[in-house]
Amino acid sequence: MDITALLNALPGGVAQGLIWGIMGIGVYITYKILDIADLSVDGTMVLGGAVCITMLLKGYPMWLSMLSATVAGMLAGLATGIFHTFMGIPAILAGIITQFGLWSINLKILDDKANLAINAQKYNLMAHSGSLRTTDPANPLPFYENTIFVVAVCAIVIIGILYWFFGTERGASLRATGCNPNMSRAQGINTNVNKVIGLMISNGIVAFSSALLSQYTASVDINQGRGAIVIGLAAVVIGTALFDKIFKNFALKLVGVLLGGIIYYVVMRIILWFRVDTTLLKLFQALLVAIFLAVPYWKKGLSKYFAKPVKKGGQPDAKS
Amino acid sequence: MLRVENIYKTFNPNTVNEKKALDDVSLRLNEGDFVTVIGGNGAGKSTLLNALAGVWLVDSGRIYIDNINVTRLPEHKRAKYLGRVFQDPMMGTAATMGIDENLALAARRGKFRSLMPGITAKEKAHYKELLAELDLGLETRLTSKVGLLSGGQRQALTLLMASLKKPKLLLLDEHTAALDPKTAVKVLETTERIVQKDNLTTLMITHNMKDAIAHGNRLIMMNNGRIILDISGEEKKKLTVEDLLEKFAVASGKELDNDRMMLG
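Taken in sequence, the protein lines are chains F and X. In short: position in the first sequence from 1, add 186, done, that's the numbering used here. In short: position in the second sequence from 1, add 20, done, that's the numbering used here.
Accuracy of the hints is not assured; some may be wrong.
Okay, derived cross-link-like pairs now, DSS-like style, lysine-lysine, Cα gap no bigger than 30 Å in a straight line [claimed, not checked]:
{"id": "1", "chain 1": "F", "residue 1": "LYS486", "chain 2": "X", "residue 2": "LYS142"}
{"id": "2", "chain 1": "X", "residue 1": "LYS100", "chain 2": "F", "residue 2": "LYS431"}
{"id": "3", "chain 1": "F", "residue 1": "LYS434", "chain 2": "X", "residue 2": "LYS165"}
{"id": "4", "chain 1": "F", "residue 1": "LYS431", "chain 2": "X", "residue 2": "LYS131"}
{"id": "5", "chain 1": "F", "residue 1": "LYS485", "chain 2": "F", "residue 2": "LYS431"}
{"id": "6", "chain 1": "X", "residue 1": "LYS165", "chain 2": "F", "residue 2": "LYS485"}
{"id": "7", "chain 1": "F", "residue 1": "LYS218", "chain 2": "X", "residue 2": "LYS144"}
{"id": "8", "chain 1": "X", "residue 1": "LYS131", "chain 2": "F", "residue 2": "LYS218"}
{"id": "9", "chain 1": "X", "residue 1": "LYS148", "chain 2": "X", "residue 2": "LYS217"}
{"id": "10", "chain 1": "F", "residue 1": "LYS434", "chain 2": "X", "residue 2": "LYS188"}
{"id": "11", "chain 1": "X", "residue 1": "LYS142", "chain 2": "F", "residue 2": "LYS434"}
{"id": "12", "chain 1": "X", "residue 1": "LYS165", "chain 2": "F", "residue 2": "LYS218"}
{"id": "13", "chain 1": "X", "residue 1": "LYS100", "chain 2": "F", "residue 2": "LYS218"}
{"id": "14", "chain 1": "F", "residue 1": "LYS218", "chain 2": "X", "residue 2": "LYS217"}
{"id": "15", "chain 1": "X", "residue 1": "LYS148", "chain 2": "F", "residue 2": "LYS434"}
{"id": "16", "chain 1": "F", "residue 1": "LYS431", "chain 2": "X", "residue 2": "LYS97"}
Estimated spans, in silico, between C-beta atoms of each pair [said to hold, decoys possible]:
{"id": "17", "chain 1": "X", "residue 1": "GLY167", "chain 2": "F", "residue 2": "ILE268", "range": "31 to 37 Å"}
{"id": "18", "chain 1": "X", "residue 1": "ASP218", "chain 2": "F", "residue 2": "ASP430", "range": "23 to 29 Å"}
{"id": "19", "chain 1": "X", "residue 1": "LYS97", "chain 2": "F", "residue 2": "ASN409", "range": "42 to 48 Å"}
{"id": "20", "chain 1": "F", "residue 1": "ILE432", "chain 2": "X", "residue 2": "TYR84", "range": "53 to 59 Å"}
{"id": "21", "chain 1": "X", "residue 1": "LYS142", "chain 2": "F", "residue 2": "ILE342", "range": "48 to 54 Å"}
{"id": "22", "chain 1": "X", "residue 1": "LYS142", "chain 2": "F", "residue 2": "ILE432", "range": "28 to 34 Å"}
{"id": "23", "chain 1": "X", "residue 1": "LYS142", "chain 2": "F", "residue 2": "LEU428", "range": "36 to 42 Å"}
{"id": "24", "chain 1": "X", "residue 1": "THR30", "chain 2": "F", "residue 2": "ASN409", "range": "40 to 46 Å"}
{"id": "25", "chain 1": "X", "residue 1": "GLU143", "chain 2": "F", "residue 2": "LEU428", "range": "30 to 36 Å"}
{"id": "26", "chain 1": "X", "residue 1": "LYS142", "chain 2": "F", "residue 2": "TRP350", "range": "16 to 22 Å"}
Rather than coming from a laboratory, the hints here were simulated on the basis of the structure. Just so you know, these numbers come straight off a predicted model, no measurement behind them. Beta carbons are placed, not taken as given, at the ideal position from N, Cα and C, and that holds for glycine.
Sequences and hints are given; from them, build the entire structure.
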């Protein structure tokens with residue numbers, strides 16, 4: 187129980203939390219704005235990394251690899267969107283079908299291998315765990331090469347773009363689609379097209395975060411997306427449960443999701459520091475997310491018992 | 021303005037729950053007509069409105085709005101010509117969005133949604149004026165979430181949204197039924213004012229016979245998916261509730277015994 191071990195682990199927790207926070211922003215778009223639980227992200231969370239690392243290894247520049255990863259994710263979102271709208275499959279199933287199919291696609295991208303490593307020193311990665319601690323005190327890394335800084339800048343740019351988009355005519359119609367599809371159609375909004383657009387944006391962001399994650403760990407693993415939706419949801423529900431009262435502005439709500447991701451990972455690091463059996467870690471994660479998801483439901487249920495009783499008829503003391 | 025030719029709609033065909041909801045309905049509305057629709061439960065009033073709005077497609081027959089054949093047009097495309105207010109106050113607005121944002125959505129009905137700003141400062145000023153006319157104090161709460169408004173305020177706002185871009189046809193589906201009597205009167209007054217201001221062609225379902233008589237220049241009564249009565253002009257002005265009950269009995273061959281049809 188060495189406290190310095192914990193302190194040493196924290197920057198890693200923050201960096202990973204930020205990367206998963208970006209992924210959480212993707213989940214926020216479907217889960218909170220469109221009111222769809224999109225499970226394709228479990229596949230997209232591998233896809234982005236697979237595309238990015240494979241392209242980097244083949245010598246393509248960083249910007250093109252990241253862009254391709256994002257576009258690949260958007261195509262996965264398009265697939266889910268078509269399954270859901272054009273083919274009428276319930277959203278959850280549509281996501282699972284995409285996720286299932288992506289398994290083969292991801293393996294093909296990885297050249298039939300279950301994982302692929304990349305040399306962080308050789309390929310000058312945007313994010314890698316080695317950037318968090320300076321190994322050579324005489325030659326410290328400049329702050330702008332620190333993963334936490336790089337990922338935070340990416341996150342802010344993404345939040346900025348989303349803030350702009352959801353303020354446009356199209357973005358506003360997307361929010362209406364998630365909030366009230368009947369009203370949206372009555373106002374001439376094609377809700378199906380909007381759902382597809384939302385799924386594409388969401389999966390694009392998730393694939394981007396996947397590409398960052400693969401660079402951070404300097405490898406892609408065919409299993410790195412397993413349960414990604416749970417971690418993404420954790421970032422969303424922790425972010426909204428803790429910050430919803432303070433953050434009213436849309437951009438700040440997204441910052442809340444980012445913070446939710448960081449809090450989640452730091453808590454996980456602390457749990458690991460207590461030498462909890464790592465096999466049980468997923469069980470703790472599942473329970474943590476379940477409890478946070480229950481918070482709004484409980485809040486509603488409890489207010490029923492604590493609310494002031496209303497007199498029937500509405501006229502108190504009418505007889506006197 | 022509106023031409024409905026022999027439309028049919030059957031729900032759950034070839035099952036035990038088969039229900040002929042619309043049975044050879046034809047209807048013609050002239051520009052500026054304000055038609056009230058009455059009838060018992062399951063008479064086909066809401067079904068008729070939904071058929072016009074394109075919530076689903078009719079089995080056969082044709083629907084023309086302003087000589088445009090809209091029979092096969094999906095709901096969101098038909099919305100270009102229509103303004104709609106629903107019975108459920110929750111249904112006509114986006115609860116998590118602001119009053120101004122809801123109006124801005126309605127202002128773009130029938131337009132391609134681009135990447136231009138969803139609402140402009142100029143629009144906001146205009147909405148403020150329109151809201152002030154409603155006389156509900158909403159003009160000072162422009163950015164409040166619609167979810168915080170009362171049912172009556174929401175219906176008034178939905179009415180404003182429906183008429184913001186002048187629709188060719190305004191469809192009101194028992195839009196005061198879920199409100200308390202006092203609020204219902206106020207929303208009806210607002211309806212009357214908005215309809216008259218723009219001379220809107222209107223189809224209003226109501227379960228209140230007095231309202232059906234007091235409003236509009238024409239009244240139709242439905243039963244079993246058919247229009248059984250169509251009264252307009254001078255005859256409508258002289259109409260009383262007793263007349264209606266009698267006419268119903270004659271037209272349908274049975275007594276009107278529906279609890280939901282309010283006589284008073």
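**Asked** Which earlier hints turn out false for this structure, listed by number in ascending order?
**Response** Hints 1, 2, 4, 10, 14, 16, 18, 21 and 24 not satisfied by this model.
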